[in-house]
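> Sequence:
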Amino acid sequence: MKKLPEIYSTDRIILSMAGSGNPWDYFKPSSKLTLRALHDGYSLPEIRELFNVSEEELSEKMALLIDANLVRKENGKFHPTFLIVDKEETEKTFQHSEKIGRIIADELAKNWEKIKREFFKLEISKEYSINDLSLVLIGSKILDIGLLEALVKDRVLLRPAPKRPSPERPDAQYYFFMIDGQPEHLGKYGENSEDLPWENWAFVTFGQNIVKNKSNIPREKLEERCIELLKRQELEKPEDLAEGLDVPLLSKGDSLAWKETVKKAANQILLKIKEEERELSQFYNDLEASRYTNNSFGEFMCWYIHIAYAWAIDFLVEEKTIFMPDEKFGSLIIYAEAPQGLLAK
Numbered sequence: 001m002k003k004l005p006e007i008y009s010t011d012r013i014i015l016s017m018a019g020s021g022n023p024w025d026y027f028k029p030s031s032k033l034t035l036r037a038l039h040d041g042y043s044l045p046e047i048r049e050l051f052n053v054s055e056e057e058l059s060e061k062m063a064l065l066i067d068a069n070l071v072r073k074e075n076g077k078f079h080p081t082f083l084i085v086d087k088e089e090t091e092k093t094f095q096h097s098e099k100i101g102r103i104i105a106d107e108l109a110k111n112w113e114k115i116k117r118e119f120f121k122l123e124i125s126k127e128y129s130i131n132d133l134s135l136v137l138i139g140s141k142i143l144d145i146g147l148l149e150a151l152v153k154d155r156v157l158l159r160p161a162p163k164r165p166s167p168e169r170p171d172a173q174y175y176f177f178m179i180d181g182q183p184e185h186l187g188k189y190g191e192n193s194e195d196l197p198w199e200n201w202a203f204v205t206f207g208q209n210i211v212k213n214k215s216n217i218p219r220e221k222l223e224e225r226c227i228e229l230l231k232r233q234e235l236e237k238p239e240d241l242a243e244g245l246d247v248p249l250l251s252k253g254d255s256l257a258w259k260e261t262v263k264k265a266a267n268q269i270l271l272k273i274k275e276e277e278r279e280l281s282q283f284y285n286d287l288e289a290s291r292y293t294n295n296s297f298g299e300f301m302c303w304y305i306h307i308a309y310a311w312a313i314d315f316l317v318e319e320k321t322i323f324m325p326d327e328k329f330g331s332l333i334i335y336a337e338a339p340q341g342l343l344a345k
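Numbering (the numbering used here), first residue to last: 1 to 345.
Calculated from the structure, these hints are not laboratory results.
Treat the hints with caution; some may be incorrect.
In silico lysine-lysine, DSSO-like type, Cα no more than 30 Å apart, as pairs [unchecked claim]: (1) K77 x K28; (2) K263 x K121; (3) K274 x K114.
Could you build all of it, start to finish, from the sequences and the hints given here?
Here it is, written out as structure tokens:
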């Protein structure tokens, strides 16, 4: 049996998705290693030997990945259908994105007084300070969801996500990428959202899922608590859930008003990023990262923006514009009338 190369360490190969769908239902143990081996040019017989798996086991994995539109067969060979980046280029991209992160942070800081004025018009400002809510209202809603939505609608740097229909989700449409690196190389901040039983309401948390190489347990416990309360079916309105979780609630009126603030701030940031379009395109073209889809640049930019805005948040925390809670996340119940972020139309 061949010696397993170090690049197939499961701790180093990380997958991420952004969009609508659930590819994880089509994964089995070591499926991501199989995908990386396909990318590296191994044949199926070689993969069986490399990972010491039976033909039946590998065939089952491949069938699931093909069903999820994550692998295709072409000229007798199997190929992944998404962006894959090796260790050297993962680190190179991470460092390159710091510059864009600085640009994002500077543009938001330039408009900070306008943003604060809009915050103080909200009813919630009577109960909570801007520090209390800055990680979610600024970090999540402007720098993550708002900026991605602006990019999607602009369609210059970020074209719509590839459609990846599967038996369970024929409507699936998402970006998918694999990197060889650490969790921070995917962008250490992110939003988790739970749709609530009241139309257009959601419970969101935003921050770090991993803290000091471990799961963010307080964040996980709060999200689990939300699901527990909802299962009891004893709540009559979003305010009841907010009280049960002891988290802020942004009223419908406040939510719609803040959405307009988000749109203006995100579009201003987008204009600054687009000034770097030529450099970003050249940087991507100089990489040897895989180009398996006709939208690999879009997939690359989806990943790139996630790490760039993480740099921006770190800069803004350091400059005391965004306040970082001790538990490295914030939470909020919010109203939204249409799909947001990457799912925006």
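> Each of the hints needs a verdict: does it hold here or not?
These are the hints, each one checked on the structure:
no.: 1; hint: K77 x K28; result: holds, 21 Å
no.: 2; hint: K263 x K121; result: holds, 16 Å
no.: 3; hint: K274 x K114; result: holds, 22 Å
Comparing the model with each numbered hint stated earlier shows that all of them hold.
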